[in-house]
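Number of protein chains: 2
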Amino acid sequence: MRYSISFLLFILCLSAVSAQQKQLRVEDYANPAFRPKVLQQLQWIPGSIRYSYIDNSKIMAGSLGSTAAVLLSLDELNTGLKVIGIQTDLKGFPGISWKNDSIFTFVHETSLISFDINGKQAVVLNSWAESADHYDFSSNNDIAFVAKGTLFVKAAGAKKAIEVAKGDDFNILCGKSVHRDEFGISKGTFWSPSGDKLAFYRMDQSMVTDYPMADYRPATAAKSKQIKYPMAGASSHHVTVGIYDLKKRKVRYLETGTPADQYLTNVTWGPDGDLVYIQVLNRDQNHMKLNAYDAKSGKFIKTLFEEKHEKYVEPLNELRFLPVQKDYFIYQSQRDGFSHLYLCRTDGTFVRQVTSGEWVVTDLLGFSKDAKLAYIVGTKDSPLERHCYSVDLLNGNIQKLTTEPGTHTVLLSPDERQLLDSWSSQNTFYKAVLIDVKSGEETILSEQGDPLKDYNKPEISVFTLKAADGKTDLYARLIKPANFDPSKKYPVMYYLYGGPHAQMVQNRWLAGADMFMIYMASKGYVVFTIDNRGSGNRGREFEQATFRQLGTAESEDQMVGVNFLRAQTFVDQSRMGIFGWSFGGFMTTTMMCRQPDVFKAGVAGGPVMDWKFYEIMYTERYMDSPQTNPDGYKQASLLNRVNELKGKLLIIEGLEDGTVVPQHSYAFINECIAKGTLVDFFPYPNHEHNVRGKDRIHLYMKIEDYFKRNL
Amino acid sequence: MRYSISFLLFILCLSAVSAQQKQLRVEDYANPAFRPKVLQQLQWIPGSIRYSYIDNSKIMAGSLGSTAAVLLSLDELNTGLKVIGIQTDLKGFPGISWKNDSIFTFVHETSLISFDINGKQAVVLNSWAESADHYDFSSNNDIAFVAKGTLFVKAAGAKKAIEVAKGDDFNILCGKSVHRDEFGISKGTFWSPSGDKLAFYRMDQSMVTDYPMADYRPATAAKSKQIKYPMAGASSHHVTVGIYDLKKRKVRYLETGTPADQYLTNVTWGPDGDLVYIQVLNRDQNHMKLNAYDAKSGKFIKTLFEEKHEKYVEPLNELRFLPVQKDYFIYQSQRDGFSHLYLCRTDGTFVRQVTSGEWVVTDLLGFSKDAKLAYIVGTKDSPLERHCYSVDLLNGNIQKLTTEPGTHTVLLSPDERQLLDSWSSQNTFYKAVLIDVKSGEETILSEQGDPLKDYNKPEISVFTLKAADGKTDLYARLIKPANFDPSKKYPVMYYLYGGPHAQMVQNRWLAGADMFMIYMASKGYVVFTIDNRGSGNRGREFEQATFRQLGTAESEDQMVGVNFLRAQTFVDQSRMGIFGWSFGGFMTTTMMCRQPDVFKAGVAGGPVMDWKFYEIMYTERYMDSPQTNPDGYKQASLLNRVNELKGKLLIIEGLEDGTVVPQHSYAFINECIAKGTLVDFFPYPNHEHNVRGKDRIHLYMKIEDYFKRNL
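Protein chains in written order, with the working numbering: chain A, 117 to 827; chain B, 117 to 827.
Quick caveat, the hints were computed from the structure, so don't treat them as lab data. The beta-carbon is built from N, C-alpha and C at its ideal position, and this holds for glycine as well. One should not assume that every hint holds.
What the hints assert, rightly or not - Chain A residues, not near chain B, derived (Cβ > 12 Å throughout):
#, residue
1, Leu241
2, Gly273
3, Ser340
4, Ala376
5, Arg399
6, Asp508
7, Ser781
Claimed, not checked - Mimicking DMTMM-like on lysine to aspartate or glutamate, the simulated pairs with C-alpha atoms at most 25 Å apart in a straight line are:
#, chain 1, residue 1, chain 2, residue 2
8, B, Lys596, B, Asp630
9, A, Lys344, B, Asp811
10, A, Lys762, B, Asp811
What the hints assert, rightly or not - Chain A stretches covered by chain B per the calculated footprint, using a threshold of three residues with CB under 8 Å from any CB of chain B:
#, region
11, 342 to 356
12, 784 to 792
13, 799 to 812
Make a model of the complete structure from these sequences and hints.
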């Protein structure tokens with residue numbers, strides 16, 4: 117009898133696996149089935165209350181209460197192009213930009229083309245000869261573009277482009293993003309509202325150290341790829357802002373003064389196009405001046421106000437002028453401890469603080485036409501979520517507009533009465549809805565069900581633990597292995613990042629976990645993550661707890677997570693592995709060295725090993741300079757800690773990594789060699805700071821294999 | 117009772133280990149106790165029958181039948197230098213060169229100094245301002261030196277150096293070795309016998325591809341170190357030979373003609389200093405012309421003779437003119453299948469073959485004054501040994517002068533009646549003796565006993581196995597684990613090289629094994645090596661068996677070794693690891709891919725992965741070019757075989773390796789990434805083609821760890 121019972125149980129298990137529990141494979145990281153089919157190019161059509169998106173070879177459009185219908189087919193676009201002599205056969209829609217309710221523009225090769233969906237008619241608005249690596253159009257369809265570091269402007273009606281500012285693609289760059297994309301900077305050209313002038317960045321990095329890189333792709337000899345890399349404490353680049361006057365065809369540089377290695381951040385045109393505002397930050401990053409400059413003469417006009425902090429200030433947002441009262445603008449700052457909005461006047465007065473409380477504004481979507489309301493996205497309901505709110509600029513009254521718990525990405529309609537809301541939550545894969553702000557009426561645009569429903573999805577829980585300071589709540593995510601059996605003991609893959617600005621744990625799909633973590637859980641690993649002090653969107657004190665000593669408070673907080681795991685009966689303490697990338701690679705190595713008895717194996721990808729090798733803008737904000745904070749750099753440096761390493765550590769490096777340059781890893785390895793410490797290393801020769809594309813599968817195979825061999 | 121017996125056994129074992137069997141540590145690789153204390157700078161003193169060597173701070177001298185005595189102390193040298201105003205305190209003897217029986221010269225900083233041991237008197241013979249990276253003195257104490265690629269001559273009496281040929285240290289190099297030190301070339305300046313002229317190489321490598329390297333040593337940003345690297349089938353450098361006339365202060369280039377990428381090898385001055393002989397080899401390396409040029413006019417005089425072979429010819433030796441008959445010289449060639457000496461005349465006639473047989477001449481030490489005898493070193497007694505012989509140039513009669521079996525390094529006395537013979541054999545650590553050629557009388561200079569006598573030295577055996585061709589004898593070396601127990605099964609570390617010119621198995625100390633192999637044997641590994649067809653000193657047919665298909669015959673022969681091991685009862689077939697460096701790294705990867713079921717783990721250091729990435733001179737000799745032998749390159753390329761890899765492979769790379777550039781490994785890894793093959797890698801960032809110095813201990817720790825983890 118006993119035999120037959122056992123036999124029956126066995127059959128039941130088998131059928132349960134085969135019918136309901138598909139097995140994840142490491143390749144599933146890249147399986148499109150596990151990524152939402154987001155509505156491509158979802159946007160509002162101006163002058164209307166319709167939205168559009170691209171569905172393969174069709175532009176779809178819809179409105180509240182209706183189903184989206186085909187607005188234009190790719191065939192129609194191709195035909196329209198052929199009519200005006202452009203012999204092309206587009207296989208997919210280019211990026212489109214609506215000009216009004218019937219005309220959109222797009223770039224095709226080196227032309228800006230408009231297309232009228234009514235007449236199905238294409239018009240070439242502008243074209244240029246040079247192949248540009250960056251472009252920006254004015255409201256008049258004039259183009260500013262950069263070719264090999266030189267900035268050109270080609271007016272819509274002109275025969276040829278004008279060279280505005282000469283660069284050489286190495287020492288001098290004009291019209292490109294500067295300061296290594298810190299301080300919210302992402303581009304280098306800024307058209308004035310009327311399009312008669314162009315503000316642009318010019319960066320001289322001739323004084324910045326060269327760093328040697330190589331491209332190993334060629335079938336014959338590898339090619340040198342020297343880059344400029346400003347390391348903490350070393351000479352920094354010099355940035356200026358030029359104003360090109362299209363009528364006068366002349367450039368004037370703003371008198372931003374010295375020291376030349378200051379930061380010129382958040383360039384904003386005044387609404388009339390006569391003034392340019394720049395948030396000028398000193399290299400020490402503890403003193404910001406909001407300066408106004410005359411766009412015509414380049415003269416410094418005045419400092420509207422200043423902001424200082426003994427640790428650092430970090431301007432991240434352009435001024436946002438109100439639509440009606442042109443001398444009012446919104447300034448965003450974490451001066452009260454959390455990133456909030458302030459209503460200011462151009463005379464420098466602070467009219468009032470608009471938002472407040474122990475939460476942060478993460479986006480300012482826009483204003484109502486009467487300038488009474490601002491629409492924002494923020495963490496008011498929970499640091500784990502993002503919701504859209506309207507805020508009364510007069511009294512600060514705030515109203516939540518997105519209802520479902522989760523992480524919402526919102527587009528405000530041109531008449532500011534409707535929202536396009538794309539969102540997910542821990543258990544909601546993807547949903548896109550159109551919301552009428554007043555009535556709350558919703559139309560579902562897309563709703564996609566759980567792609568893991570046929571799989572044995574592991575249990576994910578999110579909870580708080582008290583930080584090492586004994587008072588601060590930290591958010592943690594625990595993923596139990598598939599087919600979890602509380603009486604068993606499981607190995608751990610501890611995943612962490614830990615650096616500023618980022619949050620690993622959120623109320624979004626899988627609580628922010630990725631498919632590799634789910635895969636590892638399906639392979640029997642407990643997967644755990646906790647966001648330590650120093651990480652993002654929790655306010656200034658939380659972030660600045662790590663100031664001048666990166667790695668210290670972070671690792672203390674990570675030990676809270678470690679101790680939580682150690683207290684779980686299902687955790688095999690002797691088989692804990694740790695994995696992180698970039699700052700997370702720094703943290704992985706930090707934990708392996710500073711807490712050598714916790715983790716048996718670790719994988720550190722693109723790690724910072726000594727902050728003196730990392731870039732000036734980021735590093736000096738958090739660490740000051742190696743000259744002014746030698747002890748902090750020494751403490752944080754992993755080069756001084758190779759003796760402490762006990763576990764097996766695999767360092768992974770993209771050999772074309774110009775963000776965290778490979779020298780970090782090589783210097784660490786050199787120390788290991790000098791001290792007789794064994795360490796492992798693996799390069800992805802053709803990759804930059806991350807291993808992207810299909811090679812990421814190999815990366816995950818490598819990591820899984822490392823934990824399999826060493827845990 | 118049982119307890120006490122056990123206890124007693126335990127004590128016995130312990131004392132056995134502690135008294136007789138010291139345990140080797142991996143660090144012992146660098147332990148000086150295991151390297152012979154060779155007599156430093158052992159040399160003959162001309163005009164005498166005395167020899168000298170350096171013993172720490174003393175020059176010792178001795179002669180047949182006597183004990184060496186102090187000739188000069190370092191203090192005396194330092195005092196002598198101070199007398200002439202050179203304020204220095206040498207801590208050790210510089211390299212000395214005897215001019216006659218009482219005067220030697222040496223270089224101190226930028227001066228050539230002579231020292232008379234009788235008067236204890238120093239004289240500055242020449243001095244120069246520039247810091248030279250290479251220098252060469254004429255018989256008149258004039259110096260030729262190279263600074264940053266430019267060749268200078270400073271006459272002993274002159275005030276300043278003359279720039280002879282301008283180089284730039286990158287594209288143009290003058291006075292330096294060329295053709296990547298192939299064809300026996302090791303320097304770039306050649307003084308005429310009287311010292312009135314200087315022949316020198318000039319290499320233009322502007323047409324050679326740049327290869328990017330970096331120096332990761334700096335404490336801040338790494339530094340670019342671009343090199344020139346001529347890859348097989350690509351553009352090669354152009355070499356010419358200039359003659360500088362010291363009196364006329366003029367350079368004339370020899371009319372060596374085209375094609376410009378031919379090889380100018382073995383530059384030899386005629387005895388009268390009027391002619392220069394060059395063995396000119398075509399790029400295809402199958403046609404050599406021995407040409408004579410007029411040193412004054414640079415004109416081509418004549419081709420003395422030519423040598424062709426359908427595979428390749430490889431000139432490796434300068435002409436050696438006889439001391440009396442100045443129109444007679446010895447030419448060395450493997451034209452009869454083995455490298456032998458030929459007596460020739462300057463009119464191009466071959467007078468006679470001097471040595472012959474199935475063995476090779478490895479060194480021509482010199483001639484008797486009457487030019488009747490040549491003194492040579494060769495493999496006549498065994499390919500595993502090196503002995504000194506005298507050969508009668510008239511009738512080829514040959515007489516063996518070194519008696520003890522082993523590998524002898526010999527210096528012939530000025531009166532050619534005595535030999536300084538330094539030698540070792542499998543069981544003789546180091547012995548240096550002075551031999552009287554006629555009487556055979558020997559004086560022992562140094563005899564050093566077995567440094568492993570207190571260790572449990574593993575048993576080493578050398579034997580032959582038949583090659584895969586079924587007829588050729590291959591030499592193999594088997595090292596059994598320490599405390600060998602034939603009833604046990606042991607893992608294997610299979611070590612191989614396999615490339616041309618080299619022999620791993622020889623009758624020298626430990627049969628050519630190194631201390632890492634002995635260490636691994638002490639750790640319980642069977643260590644095995646076999647020299648396959650294609651390796652060195654076995655004659656042309658043996659070497660050329662691999663022509664146009666490197667890796668094929670070699671791996672077939674290595675399978676002979678594998679099958680031998682598999683047939684041994686004490687070998688654990690499931691735990692065999694393989695390790696090799698350079699060509700041995702190529703062979704390791706070849707074996708791992710072509711014979712995927714043999715080795716569970718492999719370590720390939722500085723490996724060639726595709727011959728198209730290796731240098732022109734070496735590669736095209738054995739493989740022709742990628743254009744003329746595409747199938748051969750494809751077969752040999754390991755980039756095409758990553759799918760075949762089953763075992764664990766660790767690739768090790770010196771990141772400053774300018775010999776086998778890291779691109780080999782990166783290209784292989786890129787293929788692994790593309791094909792989803794797991795592979796391991798470890799870099800030594802500051803090392804070149806080999807990991808030298810104390811870091812080599814880390815390398816061996818890494819290799820041992822890899823076999824421990826993966827076998």
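Hints versus structure:
1. Leu241: Holds, because the least Cβ-Cβ distance between Leu241(A) and chain B comes to about 42 Å, which exceeds 12 Å.
2. Gly273: holds, 46 Å
3. Ser340: violated, 4 Å
4. Ala376: Given that every Cβ of chain B is farther than 12 Å from that of Ala376(A), nearest at about 20 Å, it holds.
5. Arg399: holds, 18 Å
6. Asp508: holds, 52 Å
7. Ser781: Violated, because the least Cβ-Cβ distance between Ser781(A) and chain B comes to about 9 Å, which does not exceed 12 Å.
8. Lys596(B) / Asp630(B): holds, 14 Å
9. Lys344(A) / Asp811(B): Since the Cα atoms of Lys344(A) and Asp811(B) sit roughly 31 Å apart, the hinted pair is violated (cutoff 25 Å).
10. Lys762(A) / Asp811(B): Status holds; Cα separation ~20 Å.
11. 342 to 356: Holds: 4 residues of the region 342 to 356 of chain A have a Cβ under 8 Å from chain B.
12. 784 to 792: Result for this restraint: holds, n = 6.
13. 799 to 812: Three-residue rule met by the region 799 to 812 of chain A, so holds; n is 5.
Hint violations for this structure: numbers 3, 7 and 9, all remaining hints satisfied.
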